[in-house]
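Participant: Order-wise, the sequence lines are chains A and B. Mapping of the first sequence onto the numbering used here: position 248 corresponds to residue 261, and the numbering continues sequentially without gaps. Mapping of the second sequence onto the numbering used here: position 286 corresponds to residue 315, and the numbering continues sequentially without gaps.
Be careful, since some hints might not be right.
[Unchecked claim] With a straight-line Cα cutoff of 30 Å, these simulated DSS-like cross-link-like pairs (lysine-lysine) come out:
1) Lys54(A) / Lys40(A)
2) Lys448(B) / Lys430(B)
3) Lys451(B) / Lys86(B)
4) Lys195(B) / Lys40(A)
5) Lys40(A) / Lys430(B)
6) Lys137(B) / Lys86(B)
7) Lys478(B) / Lys171(B)
8) Lys454(B) / Lys430(B)
9) Lys207(A) / Lys177(A)
10) Lys448(B) / Lys478(B)
11) Lys40(A) / Lys451(B)
12) Lys54(A) / Lys220(B)
13) Lys54(A) / Lys334(B)
14) Lys109(B) / Lys195(B)
15) Lys109(B) / Lys448(B)
16) Lys172(B) / Lys40(A)
17) Lys54(A) / Lys224(B)
18) Lys478(B) / Lys86(B)
19) Lys171(B) / Lys448(B)
20) Lys171(B) / Lys195(B)
21) Lys171(B) / Lys40(A)
22) Lys28(A) / Lys54(A)
23) Lys220(B) / Lys32(B)
24) Lys40(A) / Lys448(B)
25) Lys109(B) / Lys220(B)
26) Lys451(B) / Lys171(B)
27) Lys192(A) / Lys207(A)
No lab work stands behind these hints, which were simulated from the structure alone.
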Amino acid sequence: MYEILEKEVLSETVKRMVVYAPRVARKARAGQFVIVRNDEKGERIPLTIADFDAEQGTITIIFQEVGKSTAQMGQFQVGDAFANVVGPLGHATEIENYGTVIMVGGGVGIAPLFPITRALKQAGNQVISIIGARNHSLLFWEERMRAYSDELIVCTDDGSRGRKALVTEPLKEILQQRKDIARVWAIGPAVMMKFVSAATQPFGIPTIVSLNTIMIDGTGMCGGCRVTFTDGGSQFVCVDGPEFDGHNVDWNLLLERLSFYREQEQRALQHWKDHACRLDQAAETLEKERAHG
Amino acid sequence: MAKILPTRTPMREQDPQVRARNYEEVSYGYSIEEALAEAARCLDCARPTCMPGCPVKIDIPGFIRHIREGNYQAAVDLIKQTNALPAITGRVCPQETQCEGVCVLTKKYEPVAIGRLERFVADWEARQGPPPLPSLPPPTGKKVAVAGSGPAGLTVAADLARLGHKVTIFEALHEAGGVLVYGIPEFRLPKSIVKREVDYVRALGVEIVTDFIVGTTATVDELLEEFDAVFLGVGAGLPWFLGIPGENLGGVYSANEYLTRANLMRAYRFPEYDTPIAIGERVVTIGGGNTAMDAARTALRLGAKESIVVYRRSRAEMPARQEEIHHAEEEGVQFYFLTTPVAFHGQGGRVRSLECLKNELGEPDASGRRRPVPVPNSNFHIEADVMVIAIGQSPSPILAKTTPELTTARNGTVVVDPKTMKTSKRGVFAGGDIITGGATVILAMGQAKTAAQAIDEYLRTGVW
Ligand SMILES: Cc1cc2nc3c(=O)[nH]c(=O)nc-3n(C[C@H](O)[C@H](O)[C@H](O)COP(=O)(O)OP(=O)(O)OC[C@H]3O[C@@H](n4cnc5c(N)ncnc54)[C@H](O)[C@@H]3O)c2cc1C
Ligand SMILES: Cc1cc2nc3c(=O)[nH]c(=O)nc-3n(C[C@H](O)[C@H](O)[C@H](O)COP(=O)(O)OP(=O)(O)OC[C@H]3O[C@@H](n4cnc5c(N)ncnc54)[C@H](O)[C@@H]3O)c2cc1C
Ligand code: SF4
Ligand code: SF4
Ligand code: FES
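Please model the complete structure; the sequences and the hints are all you need to start from.
Facilitator: Right, dumping it as structure tokens:
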């Protein structure tokens, strides 16, 4: 079992956990991910390794509650454990001194962006970071990002923090002003990565995105995670990625594949809520009986 | 001697209409009376033609003789000398091309139902409680790592444990059993049977570590620092795709994904289990092997109204077990033979139809079967909302990529010496689908037995 050693609430829907997984911690590198399963009936869901400590045998995961599995994870407490954690999976990020780079992070994507930002800064890059979220309460790790950025721009959709803008706005401005941008990284919702890629394409700047396709095994066995490229070819995100050149990705198909199970996902969440509710009621009744007895 | 009955004793089965909608096992297996009746059909040949047909050379007349004498335990023990998993092979071996295909009776009659008898004694043994553990020799102090917990890995681990070696199995998924748990469905091979075999291997002292990808979580070289030998039994998990337009539309699955969702992840019990699967009004499966039959029949059980198989050759060339094709037909699966898919078409990112060409049979190809040749302009569409591609698979490149000294063939299979299952890398052995590409349970197990002997010798002598 993979015990939860720390739990922290980063924003309304985003939580951070430190999990005991020594085999993964020993091998992990920035950009790689794990697959976790909550319990014996759980699905296998991929999560980026946001940080790791080989000596302590721990990894850090940061997740946004978007559906049944992540909502259930959010209820887990220190001392609880995941049924399974397997990894590290996927290729690590290639860290080099590229010159000046722009790091774009949206929502929960800021978490996996952070270790890459830190590594790039330590490798000597000039780092400009742009982070954004829907509103102030969904934003986190601003200070951490600032510590490894030469320049940090914060945006929110509603202007409750930083600039009232989408991350692509300041990005486009910088690209127009500066001719020395060597590379752009973008991690966040697929739609955000799509528009970041569209923004950098006219400038011909290599743009690395970290794809979050639906996965099962994470080892190249099912092909469910496949991404289609603009030239019609395709690859498996779990073993060939998760990072790809955003200019090659067929974003529309990627977005459609991501929403394929929407109806079932809603049913799963509802089923779980009903069930969790019944459990709560049962616990309450039990408490009352105890109090009376 | 009494006259031989020309036809074999039938095996009772669930009604096709009913079973096509549930996940319970299709066939009930023989009762004692039925087994005795069938055993009586065996001629106990002095030179049994059936035996060479079995890849692990089971003493078939010998075990059937024990059945006739009512000595079921002796029958199982005899089988288990060369076949560790008779409850499984009795159910899934392609008997018609192996033991039964060359039974002397086939000259005039139906062959003896060897597979059903093998299943009968194995199931009989299971009803007697957990199998007694053999007395294990004192530990040799040698340690062996086994990658993969399919039939190959389980067999090699059991054999080596019985020889006193300390064995650890490393499995990538969260459950042990390989294709037996993620691929072959419950209605054909109940998971409880696989679990019993896994429990037995554990009871022999084998440790099974799940969530461990050899090559990634630790490389083969790292394992060799801790273990005296390594056996690679990771199967052939990389699914093939057709490479035709529209293949990445939502609703187009590889058979591996479709069956893994349904079996390993229990999507047929969604939302009690978390993993979803698209049900589909009409499901089209492309391919003609066991995997295709499993997918097409799973589709019905998940609730599809129609299930259609598209195969590029004709019925006679289908590589699936006869029984599976027959069962699929009985359950209402429809077949489009001599049909080649050319494109998937969809709307809003979801698949809607499969465009196909009709084929004619041309000259024989390398496999000796007549090659299907598409007829120009014979295009037609099959409408469906779920499509499953079941055209084959090859070994995953993960091990080869992370183990430089491992020689592989062009199709990704690991090259071994067939006498010892030694790979090109010292201390590393391999067997099962990783060396053959998608094959059979019994072949994987046979190779594992050969490997176990060679590993034992290597551990004792140190000679490579
Ligand atoms: C390589 C990789 C790394 C990821 N890293 C993180 C991370 O660090 N933090 C984080 O919060 N999320 C991450 N994700 C996404 C995360 O896996 C999904 O949010 C999660 O599986 C949703 O499960 P759910 O049951 O809570 O929601 P669901 O109800 O299943 O789905 C809600 C949304 O999540 C998407 N989704 C559903 N299942 C999967 C799946 N198996 N894989 C990916 N997306 C899915 C759906 O498209 C849908 O939009 C990552 C995904 C990948 C592929
Ligand atoms: C749907 C389907 C139906 C079939 N039907 C039949 C049938 O009716 N009769 C028959 O005889 N054969 C059938 N077969 C073929 C048969 O199942 C295989 O030939 C057999 O399982 C091969 O055994 P194996 O031990 O080599 O590999 P597998 O059974 O594939 O087991 C390999 C195991 O290794 C694990 N693994 C993979 N990579 C790694 C890694 N890097 N590290 C650790 N673990 C890893 C996998 O998760 C898996 O559990 C069928 C196959 C399929 C897919
Ligand atoms: S193992 Fe398979 S081939 Fe051999 S006797 Fe049994 S059913 Fe026949
Ligand atoms: S060949 Fe047929 S009849 Fe002869 S021993 Fe084998 S099973 Fe019996
Ligand atoms: S998740 Fe199955 S192949 Fe990538």
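Participant: Could you work out which earlier hints the structure fails to respect and list their numbers in ascending sequence?
Facilitator: 23, 24
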